[in-house]
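Engineer: Sequence:
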Amino acid sequence: MSAERIRIECALQDDARLISAVPLIVVHAARLAGIGEKTCEAFAKEAAEACRKALACVEKSEDNPAIQMVVDQFQDRIEITFEYSGHRISLADCRADKGSVADSVQQESSEGKSRLKFTKFCGALDPKPSK
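Just add 2 to wherever you are in the sequence shown, counting from 1, and you've got the numbering used here.
Hints may contain errors.
[To be verified] The list that follows gives simulated cross-link-like pairs (lysine-lysine, DSS-like), each with its CA atoms no further than 25 Å apart: (1) Lys40 to Lys119; (2) Lys55 to Lys119; (3) Lys115 to Lys55.
[What the hints assert, rightly or not] With beta-carbon atoms standing in for the labels, derived distance ranges: (4) Gly36 to Asp16: 14 to 22 Å; (5) Ser112 to Gly36: 31 to 39 Å; (6) Glu39 to Lys115: 28 to 36 Å; (7) Arg19 to Gln77: 31 to 39 Å; (8) Ile8 to Gly38: 17 to 25 Å; (9) Lys40 to His89: 30 to 38 Å; (10) Arg90 to Ile21: 18 to 26 Å; (11) Leu20 to Glu113: 22 to 30 Å; (12) Gln77 to Lys55: 26 to 34 Å; (13) Asp78 to Asp17: 19 to 27 Å; (14) His89 to Gly36: 33 to 41 Å.
If you're looking for bench data, these hints aren't it; they were derived computationally from the structure.
All C-beta atoms in this analysis are idealised placements derived from N, C-alpha and C, irrespective of residue type, glycine included.
With the hints as constraints, model all of the structure from the sequences given.
Structural biologist: As structure tokens, this is what we get:
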């Protein structure tokens, strides 16, 4: 893989057809990064659940009725970020500490926006081996 970042961006509204694309997008990026099949699927499931929870928190408005999903694929990791207007969701609701597939889950809020980022490392720097 090249050193350049590969990015996928989506605006998702609360529509089951759009939400069902989240795991497909995540699996696609994770497989291209060399993450094992079982880990890809579990990581995608974790991200999709976080997306559903974020959509439930979105402050619906005509200006911004959606959440922004960004999948960044780097040489050593994949980052999935959900950004939305609304309150923070509980990280405990997104993952079980012992069962989490993500190597890192970060959350921040500023100026009425919340951002939730899942990171999964791959390759030689992977702290949790892919299966």
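Engineer: Give a verdict on every hint.
Structural biologist: Hints, verified against the model:
no. : hint                        : result
1   : Lys40 to Lys119             : holds, 21 Å
2   : Lys55 to Lys119             : holds, 13 Å
3   : Lys115 to Lys55             : holds, 15 Å
4   : Gly36 to Asp16: 14 to 22 Å  : violated, 33 Å
5   : Ser112 to Gly36: 31 to 39 Å : holds, 34 Å
6   : Glu39 to Lys115: 28 to 36 Å : holds, 34 Å
7   : Arg19 to Gln77: 31 to 39 Å  : holds, 32 Å
8   : Ile8 to Gly38: 17 to 25 Å   : holds, 19 Å
9   : Lys40 to His89: 30 to 38 Å  : holds, 33 Å
10  : Arg90 to Ile21: 18 to 26 Å  : holds, 20 Å
11  : Leu20 to Glu113: 22 to 30 Å : holds, 25 Å
12  : Gln77 to Lys55: 26 to 34 Å  : holds, 30 Å
13  : Asp78 to Asp17: 19 to 27 Å  : violated, 33 Å
14  : His89 to Gly36: 33 to 41 Å  : holds, 36 Å
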